[in-house]
Amino acid sequence: MNALAQLGMVSELPSNNQAISVPVSFEDEDRKDYFVEKDGEKFAGTHLLVDMWGATNLDDPAKIDSTLCEAALAAGATILHSHFHHFTPNGGVSGVVVLAESHISIHTWPERDFAAVDIFMCGACDPHLAIPVMQRLFQAEQLDVSEERRGRVQG
1 MNALAQLGMV SELPSNNQAI SVPVSFEDED RKDYFVEKDG EKFAGTHLLV DMWGATNLDD
61 PAKIDSTLCE AALAAGATIL HSHFHHFTPN GGVSGVVVLA ESHISIHTWP ERDFAAVDIF
121 MCGACDPHLA IPVMQRLFQA EQLDVSEERR GRVQG
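Numbering-wise, the sequence shown is residues 1 to 155 according to the numbering used here.
It should be emphasised that the hints constitute simulated quantities derived from the structure, not laboratory data.
Taking lysine to aspartate or glutamate and the EDC-like style, the derived pairs with C-alpha atoms no more than 16 Å apart in a straight line are:
1) 38 - 148
2) 42 - 148
3) 38 - 147
4) 38 - 126
Using the sequences provided together with the hints, build the complete structure.
Right, here's the structure in full:
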């Protein structure tokens, strides 16, 4: 395990959820850039901001790590690494699951029953599919979700 393991929880192995072959030649002008084309727009990816109010299980880094990794796989993402830190005395957790397609990050405030989650994914992933997986653990009474298309191609 690398030096980050000493600082908190770190996943041991990357996932192989997506097997994608990308051309290596720089002369290949048609190589895939993993931008998304949807509703007549081309953009880098979808970024969801998820606020969870009235949530539970916000103070257990191991459960949060496994749930966010499961959520990433449900969305079709490839896990590269995860790292979570447990704060004291309030018990909050901050962490990130780094994906080949970007990331899922979380910051929790157990004393306020609140969690802030960012889900940013490019390519063929659907970040919306991560939310029900997280909701199983957190049981939030209220979910506020906003969506932004990042890296819109102009013209």
